[in-house]
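> All residue numbers for the sequence shown refer to the working numbering, where the first residue is -6 and numbers rise by one.
Some hints could be false.
[Claimed, not checked] Distance condition first, Cα-Cα at most 27 Å in a straight line; then the derived DSS-like pairs of lysine-lysine:
(1) K326 x K311
(2) K326 x K369
(3) K374 x K326
(4) K352 x K369
(5) K311 x K352
(6) K333 x K352
(7) K326 x K352
(8) K214 x K249
(9) K369 x K345
[Unchecked claim] Label-pair ranges, simulated between beta-carbon atoms:
(10) Q366 x D37: 16 to 22 Å
(11) N226 x Q366: 45 to 51 Å
(12) P211 x N109: 53 to 59 Å
(13) P309 x D200: 47 to 53 Å
(14) D117 x S312: 51 to 57 Å
No lab work stands behind these hints: they were computed from the structure. Don't be surprised by glycine CBs; every beta carbon is placed ideally from N, CA and C.
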Amino acid sequence: INQKIAKIPAGLDILALCYNPINNKVYSANMESDNVTVIDGATDEVLATVPVGDAPWALVHNQINNKIYCANLESDNVTVIAGETNQVLRTIPVGDRPCALAYNPINNKVYCANRNSNTLTVIDGATDHVLATVETGGYPWALIYNPTNNKVYSANWTSHDVTVIDGETNQVLATVPVGNMPCALGYNSTNNKVYCANYDNAVTIIDGLTNQVIATVPVGKYPQALAYNLTNNKVYCSNSQSDDVTVIDGATDSVKTTIQVGETPIAFSWNPVQNRVYVANFNGSSISVIRDAIGIEEYHYQLSIDRHALRIYPNPAKSVLTVRLPQTACLIKIFDPSGKLIRIIAPPFDEKELTLPLKDMSPGVYFLESGNQVRKFQVVK
-6 INQKIAKIPA
4 GLDILALCYN
14 PINNKVYSAN
24 MESDNVTVID
34 GATDEVLATV
44 PVGDAPWALV
54 HNQINNKIYC
64 ANLESDNVTV
74 IAGETNQVLR
84 TIPVGDRPCA
94 LAYNPINNKV
104 YCANRNSNTL
114 TVIDGATDHV
124 LATVETGGYP
134 WALIYNPTNN
144 KVYSANWTSH
154 DVTVIDGETN
164 QVLATVPVGN
174 MPCALGYNST
184 NNKVYCANYD
194 NAVTIIDGLT
204 NQVIATVPVG
214 KYPQALAYNL
224 TNNKVYCSNS
234 QSDDVTVIDG
244 ATDSVKTTIQ
254 VGETPIAFSW
264 NPVQNRVYVA
274 NFNGSSISVI
284 RDAIGIEEYH
294 YQLSIDRHAL
304 RIYPNPAKSV
314 LTVRLPQTAC
324 LIKIFDPSGK
334 LIRIIAPPFD
344 EKELTLPLKD
354 MSPGVYFLES
364 GNQVRKFQVV
374 K
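Modelling step: build the complete structure from the supplied sequences, incorporating the hints.
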């Protein structure tokens, strides 16, 4: 139980994950390599690597049209990927620094928070055209959808408030003052409440019907993420600097317990089948598993860190390929699909990263070897 069953290679600096229940696929947004890895949910095999925009930052699934949306922070656009074929369908220009996504299944809309332009782009889920641009507060940082009242909420980092938007009309219904630097949102579907984690060590609770603040709950230091457990009606808040998780009762808005986890907890996932909450500990390089029926940490899984892995990006590559060597003074060898050695590169003695020109290489699949490690890459034109 709770044992690692696979280690799946993906791109560099994985920043977001998304699940497609229709085709049983998992998607990984790889910020540094500017692509999305598509993984088979049954076999854990990589099905495709999809090039997207610069610095893919957030993912969301459109369950009606079976499409994946990827917000690209540095290219100011959203890439639309077909859930069935893994093909890029469209690239949608949005605002400056898109950093969060949410999906409205009632009206089939995708929402993209544009951090630096203080706006929310509303996208038609069927046509992938922009329907509206909605003004928010300063630095919209996180989004969540309320299906009970068909509302979208934007947590605004610098204006210290939450913008409430009507899912039908795209109109702003309310601006709710919350704590200092709100950074995460969660939704309680049992009691119709929205939770906003603020950097002043508190969670603001908003009534989903009236848009009024109904409680403020103290939590640990620098809360970073929120998760909701529908089975037990609990809300979890990860506190990145106190290395713990605050558990809040969804009915009474009182703190039930505080659970110590690994170093710098920053993300959650809830397993409704076994009723487990998984906590990703960033600096601890570990995952804590909370058995919710009792409310204790059941398991602490330490991840192995390979700091000497050979890395290549972008992949596929056009004109250049960047190589991060497993150690200095490693020869680089490139082979064609038949195994024929076509190039040897001797990097400078003290260099661990270098850029290889690919202009003289024909489109196709190649293999790069260095330090007894091999990586497959593709050249495209």
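> Please go over all the hints and tell whether each is borne out by the structure.
Evaluated hints:
1. K326 x K311: holds, 19 Å
2. K326 x K369: holds, 12 Å
3. K374 x K326: Roughly 22 Å between the alpha carbons, so the hint for K374 and K326 holds.
4. K352 x K369: With a Cα-Cα distance of about 18 Å, the restraint between K352 and K369 holds, given a limit of 27 Å.
5. K311 x K352: Distance of about 8 Å is within 27 Å: holds.
6. K333 x K352: holds, 19 Å
7. K326 x K352: Distance ~17 Å between K326 and K352 Cα, so the pair holds.
8. K214 x K249: Distance of about 17 Å is within 27 Å: holds.
9. K369 x K345: holds, 19 Å
10. Q366 x D37: 16 to 22 Å: Given about 20 Å between the Cβ atoms, the range holds.
11. N226 x Q366: 45 to 51 Å: Between N226 and Q366, where Cβ atoms are some 48 Å apart, the hint holds.
12. P211 x N109: 53 to 59 Å: Once the Cβ atoms are compared, 31 Å apart, the range 53 to 59 Å for N109 and P211 is violated.
13. P309 x D200: 47 to 53 Å: Between P309 and D200, where Cβ atoms are some 49 Å apart, the hint holds.
14. D117 x S312: 51 to 57 Å: With a Cβ separation near 35 Å, D117 and S312 fall outside 51 to 57 Å, so the hint is violated.
Of the numbered hints given earlier, the model fails hints 12, 14; all others are met.
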